[in-house]
Amino acid sequence: MRTFAELLRLFYYQSKLKIARAMMYRFDFLIGMTVALLFSSIGPVLQYLIFTQTKGFPGWNLKQIILFQGVLLFVLGIRRILFGDLHYFIMELIQKGDLDRLLIKPSPAIGIILSNGFNLNGIGTFLAGSVIMGYSIYSLDLTITAGAIGLFVLSILFGIVLFMALEILFTCAVIVLVNIGRLDDIVQSLTGFGEYPLSIFTSTLKIALVTFIPFAVWVNYPADALLHRWDNAQALVSFLFCILLFAFSLWIWKFCLRRYTSAGG
Amino acid sequence: MKPIEPVIEVSNLSKVFRVAQRDKSSLLSSLSSLIHRQYAHIEALRDINLQIQKGEVRALIGPNGAGKSSTIKVLTGILYPTTGSIRVLGVDPWTNRNALASELGVLFGQKTQLWWDLPALDTFYLHKQMYSIPNHSYQENLDYFIDVLSLHQVVKKPVRQLSLGERMKCEFICALLHEPQLVFLDEPTIGLDIFSKEAIRAFVKKVNREKGTTFIITTHDLSDIEDLCNNVTVINHGGIVFNDSIESLGTYFSSRKIIDIKFQKPVQESELSSYNVMSFSGLSASIEVDLEHNPLQSELQRLLGIGLIQDININNPSIESVIKDIYSKPRTGEDLVLSK
Chain F
0 MRTFAELLRL FYYQSKLKIA RAMMYRFDFL IGMTVALLFS SIGPVLQYLI
50 FTQTKGFPGW NLKQIILFQG VLLFVLGIRR ILFGDLHYFI MELIQKGDLD
100 RLLIKPSPAI GIILSNGFNL NGIGTFLAGS VIMGYSIYSL DLTITAGAIG
150 LFVLSILFGI VLFMALEILF TCAVIVLVNI GRLDDIVQSL TGFGEYPLSI
200 FTSTLKIALV TFIPFAVWVN YPADALLHRW DNAQALVSFL FCILLFAFSL
250 WIWKFCLRRY TSAGG
Chain U
0 MKPIEPVIEV SNLSKVFRVA QRDKSSLLSS LSSLIHRQYA HIEALRDINL
50 QIQKGEVRAL IGPNGAGKSS TIKVLTGILY PTTGSIRVLG VDPWTNRNAL
100 ASELGVLFGQ KTQLWWDLPA LDTFYLHKQM YSIPNHSYQE NLDYFIDVLS
150 LHQVVKKPVR QLSLGERMKC EFICALLHEP QLVFLDEPTI GLDIFSKEAI
200 RAFVKKVNRE KGTTFIITTH DLSDIEDLCN NVTVINHGGI VFNDSIESLG
250 TYFSSRKIID IKFQKPVQES ELSSYNVMSF SGLSASIEVD LEHNPLQSEL
300 QRLLGIGLIQ DININNPSIE SVIKDIYSKP RTGEDLVLSK
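Residue numbers (numbering that gives the first Met the number 0), protein chains in the order written: chain F, 0 to 264; chain U, 0 to 339.
A portion of the hints provided could be inaccurate.
[Claimed, not checked] The calculated EDC-like cross-link candidates involving lysine to aspartate or glutamate, where the alpha carbons are at most 16 Å apart (straight line), are:
(1) U:K127 with F:E5
(2) U:K110 with F:E91
(3) F:K15 with U:D116
(4) U:K205 with U:D226
(5) U:K110 with F:D97
[Unchecked claim] Below, a sample of chain U positions facing chain F; criterion: calculated Cβ distance under 10 Å:
(6) A98
(7) V105
(8) Y130
(9) K205
No lab work stands behind these hints, which were simulated from the structure alone. All residues carry an ideal CB built from backbone N, CA and C; glycine is no exception.
Just chain U, with the same shape it has in the complex:
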């Protein structure tokens, strides 16, 4: 689906939290904090500029504490931004939170919306009332989601008796029952087995394709990103450090290549000592080469000289290694501003 119009426009967004701080863990320090407390102003988000188009499946990733969840909370109107301008579906989410809510679906992978002791169907019906979903739309959507996710019997059982995968599928129905235009999925596949993950991903792709729903996904599971997303936004230290297509992420290290080589006879590891060897097993090796210093042709010629080669593959570095590299870049500027 070709993106046509922005559903999210964020410019110069920042969010500062005031957090009580204690330097020591001693009893004296605890008692003294009763009288005199130091606060740190933590810049959870800084100068975020972002645009997301209608129909996109966008990954919002970053290491723990990078600011992903804070970004989602500001975009959904849960948190009040310190500075910056935000437009979600054309309106400011803080001042129009209730009106916007009908067009938003949110799934927090680590929190449940379902009533624990009752069948999921009861929660769905409560959502129908809360979102004023007309009877025919409710039944049509419910049947569609139950069919796609194969939940015919599951929705009738008390939620506390469901497996994590089954519960997560029910959470998806809760988030999508009112046909939102924009859906935030916060770690939707956390703790799920491979089959449940596949089912959830297939479901997201189907809804995106058939209903044109825009999805924003935060996840630590890179296979979610590779399987689902068109574009990736990487947040680290509260700021955006990468914002482009998934293909661009794959070619992030334009000058670096991974050469997977299989020898006909075992070779000594010392013969590869001039290379950055990522893995070695005598008959095969995985080598990273930097083409800025030597062209690919001369690297290959050098490798051919080591021994008889049975097979050779040249790839871009894995997305995992790219992301690891992006995450490991230090933040510029001050993290904390201490105040009395």
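Next up, chain F with everything else stripped away, as it sits in the complex:
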């Protein structure tokens, strides 16, 4: 617990430095945020087109799907703010042997890596998600109780744990294979499964997305919490698998670190 608090503190200070750095290059920051906002707005428009031009998603009406899109952007925004810089950072670290610098710090190296992902450009996506979510809650006339907010936050937190597990496994793969440029794309494509309502998948895939690869925690569960469609048993299973995956990733990390070869001078 103490280590976790230390890492949170480290994340805070590293993020402060990243903000200071972003402010040094204001134009780059403004362009980055504008581009993020523009790209974020494409998602809901695309979903609207898909929904109106096809039979839609089973169990979801248009307003609910717009809410789902808002939650998706909100979650993607958080993910980008917390871990946006991570893949590039990890590749650079391992390929150039710079992981050495982190291994001689008093905090766990994997914690320092995870606390280094802060990216200010995610704010655009986060804000777009918040606005769309707010609008959808209003247009759906939803009553947001403290319980719903609690479950929403809980899902987001477990989603972060799951994403950390994936990032740790990604780091392990880079340690072992060193140069694996397309791994980033593979991870992005796989995590894309979590960006659609569970109801569109086959039952086998649905079970997988709730258990072994519990991507449902990212968007489905927070949206369910707001729509009062929360399933306790299903969520509990997914949360348990998130924790198991995280523990597994840490175990793999310890194993892979022994195979780290650094780089020559």
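For this one, chain F is given, so just place chain U on it according to the hints.
What follows is chain U alone, placed relative to chain F:
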């Protein structure tokens, strides 16, 4: 400062790397390596036995690829050793890496810890948080290092605008801010001008003297070693080939002497043909003599017979030539063990 207790104890350390190998550089060879790849097990370190005392300034030297950096990486817990026992400040660095890190300072001359776009002060503050340095200690140490290294204005400028010497001094502050007991400096003076080198060396000596910090320095700059170090460990082909004091390195060739001789009138080089002449300019010569074959007295008598001598100096061979000799010794045993 008299050494009192070991901070590093290494016995029978070895480290083997598995490295993909390709015999030819042809396209066919590249493609075939996709299906069938040969690996070599390279013994980067073999049977290293080493003890370093508290308060020492120890040079760890060797030619490129000798195993110096691998040794440091194993000692700091970055690399996992294949075999052997290592105790650094009383603990195993691999299993206690995080706990040990607070007591270690590491400077990689070719890598930076500083945030490139921001003033060095920002990185120092991040280190304060990372190492949980109390406010008063942080400010006291920072003021001390800034004063000693004359960095008052430098630490406020973005790192990318600093000269190499200024940046290196800031890297030193990063490595020492948390008052580590043991500091590894990996090529700390690489690429620096003579003034920056002098400032860095004076700084290391001051910190060693005043704070009792132990330093382990890898360098290719022999003046670093002569100026700073009490003891020298030479690593070559992954093993230790010399491990003694700097004075012992100077008298490594106990039977060899260098005679620098200045004649009153020019002499012919042919008159010195029976000697190993290292340099000659008509009026002066530098000659290496081996006292195993002839005593110094008879060598001097022979030289006096060549011409009138204005001045004569007898020295030990330079440390540079000693190290060159040590480096050039071939490795015994197999370098590589090829496997499928």
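Hint check:
1. Only pairs whose Cα atoms come within 16 Å are accepted, and K127 of chain U paired with E5 of chain F is accepted, the gap being roughly 12 Å.
2. For the hint linking K110 of chain U to E91 of chain F, the alpha-carbon distance of about 13 Å falls within 16 Å, and the restraint holds.
3. Only pairs whose Cα atoms come within 16 Å are accepted, and K15 of chain F paired with D116 of chain U is accepted, the gap being roughly 13 Å.
4. Of the supplied pair hints, the one linking K205 of chain U and D226 of chain U holds, its CA atoms being roughly 13 Å apart against a limit of 16 Å.
5. Under the criterion of a C-alpha separation no larger than 16 Å, the hint pairing K110 of chain U with D97 of chain F is consistent with the structure, at around 8 Å.
6. A least Cβ separation of about 8 Å between A98 of chain U and chain F falls short of the 10 Å threshold, and the interface hint therefore holds.
7. With a cut of 10 Å, the hint placing V105 of chain U at the interface with chain F holds, because the nearest CB-to-CB distance is about 5 Å.
8. The beta carbon of Y130 of chain U is positioned within 10 Å of a beta carbon in chain F (closest approach about 6 Å), and the interface hint is therefore held.
9. For K205 of chain U, the interface hint is violated, since its Cβ never comes within 10 Å of a Cβ in chain F; the closest pair sits about 23 Å apart.
Against the hints set out earlier in the document, a violation occurs for number 9 only.
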